[in-house]
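Peer 1: So the sequence lines, in the order shown, correspond to chains V and B.
Heads up, the final residue of the first sequence is numbered 365 in the working numbering, and it's a clean run with no missing numbers.
Heads up, the final residue of the second sequence is numbered 730 in the working numbering, and it's a clean run with no missing numbers.
The reader is advised that the hints may include incorrect statements.
[Claimed, not checked] As a list, the in silico BS3-like pairs of lysine-lysine whose alpha-carbon atoms are at most 30 angstroms apart:
#, chain 1, residue 1, chain 2, residue 2
1, V, Lys182, B, Lys730
2, V, Lys57, B, Lys698
3, V, Lys333, B, Lys730
4, V, Lys134, B, Lys620
5, B, Lys637, V, Lys113
Don't read these hints as lab results, they were simulated from the structure.
Protein chains: 2
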Amino acid sequence: MSKINQLTDYMQENNLSMVFTDNPDTVAYYTNYFSDPHERLLALVVFLDETVLLVPKLEENESRELSSADRVIGYKDEENPWQALQQIIKAQNVLVESVGIETDQLVVDRYYKLRGLLPAAVFHSITSEIQNQKVIKTTEEIDIMHEAGKLADRALEVGMSTLRTGVTETEVVAAIEYDMKKQGVSDMSFDTMVLFGDHAASPHGTPGDRQLKPGELVLFDLGVVWKGYTSDVTRTVAYGDVDDDIKEIYSVVLKAQLSAQDNVRPGMTAEKLDESARNVIEEAGHGDYFTHRLGHGLGQSVHEYPNISPGSETVLKSGMCFSIEPGIYIENKAGIRIEDCVTLTDKGAVSFTSTSKEWTVIPVK
Amino acid sequence: MSKINQLTDYMQENNLSMVFTDNPDTVAYYTNYFSDPHERLLALVVFLDETVLLVPKLEENESRELSSADRVIGYKDEENPWQALQQIIKAQNVLVESVGIETDQLVVDRYYKLRGLLPAAVFHSITSEIQNQKVIKTTEEIDIMHEAGKLADRALEVGMSTLRTGVTETEVVAAIEYDMKKQGVSDMSFDTMVLFGDHAASPHGTPGDRQLKPGELVLFDLGVVWKGYTSDVTRTVAYGDVDDDIKEIYSVVLKAQLSAQDNVRPGMTAEKLDESARNVIEEAGHGDYFTHRLGHGLGQSVHEYPNISPGSETVLKSGMCFSIEPGIYIENKAGIRIEDCVTLTDKGAVSFTSTSKEWTVIPVK
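So here's chain V without its partners, still in its complex pose (with noise of 0.2 angstroms):
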């Protein structure tokens, strides 16, 4: 069934007339059109026998070449796009009764000059049954996947090759930028993350002028945004010889990750997902340490639903993508971070990155 059938039968069933959203994720998941039209509003209005998209003037030409809307109308910046609304709305000849939004995504303005179109209709969140829907991909989507952690696995293999004694962390980070521009990435799924030594101790530092010492350990957390979809992958490596204690560390993040991509099923609550890794940390005394969730689902969006954490109820399916990224984090010792995504199988857990998570030491240059 087609994504945008799946949403109108939802509506069916649920006697809603329509359904707005001016989320760009949601826009580009029901209609193939993506464009983040920052503080105008480009959003997308479901019928049950037609789809209308409101889009700025300006991108009125390439939506209509690009979506799959039914319809796209335009409007200038001096026009009042909520007018331009009842307009779509009037013109359906439809007593609008109840309409679906996502309500943790649409703000409250908007949220009231919806309202104030549609004074007697009742308002009801669609949030959960989006996230539903988005969440178990198509093979079309886990296949752009594999090809965007593809793109990860290469970005990580820079990395690691632009590593020298004295290069800045932000060095490494525009190489690997400079390549996956060059490969035609044209935007990194967040920030490239590349933390040298105790700096990784921060499990959301920022990437700056430190200079890469022999002894440091290197983190790496980075993604793309390829055809619309995200990659997310972390490898933590030593440039020359590091403490044996931080090697021992290593291995309990490393027993901790795979405890829990290798063992991952489909029935499997998140909490209990969670636990098997957070089960390895705390057994080996660093419980403290491991300060966050054990992952996040992504897709269209690098962090979106499942969240795996405990007391995270929702129940793995076959066909969820997420991260799984146990860590460490010692202040002014040292962060260590091992991360993959995966998409569910019936069989288990199949990862979009290959890089070797086994102990790595670059050689000084």
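Knowing the structure of chain V, use the given hints to seat chain B on it.
Peer 2: Just chain B now, with coordinates in the frame of chain V:
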């Protein structure tokens, strides 16, 4: 007056006992701590005598070090941040009767979560007030924006020096961003745009594999994020000799751009400024091909208040910063846009960028 005092003064005058914002730019504006927490909650809660930053655990240390908030509270992934917020409110021992929120930023789900915590409170939009506080830049902010503008000038220089027959749009983008990363720029303020020939006729086109040919125009639209503030500049140059009618169109765009930039003064309305450029293009008979507003405010974000467009009655004031970017786009032929971002002073506009706007021909290589 400090920025946070401006906000608490406003709260006092308007009987607001609390302000809640989860907008990363606003959090950074009032606390000097910027972080994009993706789908996690990172919120600034302002009371009359205390500011509290609620952050994901993994940002707790960094935000305590870097932010100017009076108190930082971290929550773990398995904890409910709204319960943490409830504790924060309770600990104040004040009756929270009215709450200020940014209705153009806050999503519906979080709005209802807040209302659930404070069922008796009345919620007020402080969107305009926050815009009004942010729109007049301080000397420190303007200094940083000049630095961001200089980096954009450098990026243009790198881009122009990369032009040669057969180079692709994407390769030029890669060269520009590589150089910027090496300058310590961690983010461009938007996807760098380099478009050749009639590809530039789409004002929001995306760089791709297209190869440069002699006799084509090249449109650069780019900017950087620097110390939390953005730059934005557009230049259109010729690669080798181009047709005279294209040169003629260029001169119209330049005349429109200068007529706005040279004559803008405090007290003028935004629509009047838009008109001053639009008239030039209309008189030359190209009015239908100038399909967007003249400009937009910028600061922490590359698109913010004020809106320089027909119908915008905002009165321009000293200290405001915005773009002036007329363009003419003729399908299958050419796209020409010229843009400087400026700060308004009592004596007129001061540009953040200084790359020549005169007709420029890059010799064929």
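Peer 1: Decide if the proposed pair is consistent with the structure: Lys333(V) and Lys730(B), CA atoms, cutoff 30 angstroms inclusive.
Peer 2: violated, 51 angstroms
Peer 1: Taking only the CA atoms, is the gap from Lys637(B) to Lys113(V) under or equal to 30 angstroms?
Peer 2: holds, 28 angstroms
Peer 1: Check whether the Cα positions of Lys182(V) and Lys730(B) lie no farther apart than 30 angstroms.
Peer 2: Judged against 30 angstroms, a Cα distance of about 20 angstroms means the pair holds.
Peer 1: Taken at face value, is the distance from the CA of Lys698(B) to the CA of Lys57(V) at most 30 angstroms?
Peer 2: holds, 19 angstroms
Peer 1: Has the given pair, Lys134(V) with Lys620(B), been kept, meaning a C-alpha gap of at most 30 angstroms?
Peer 2: Roughly 49 angstroms separates the two Cα atoms, so the pair is violated.
Comparing the model with each numbered hint stated earlier shows that hints 3, 4 do not hold.
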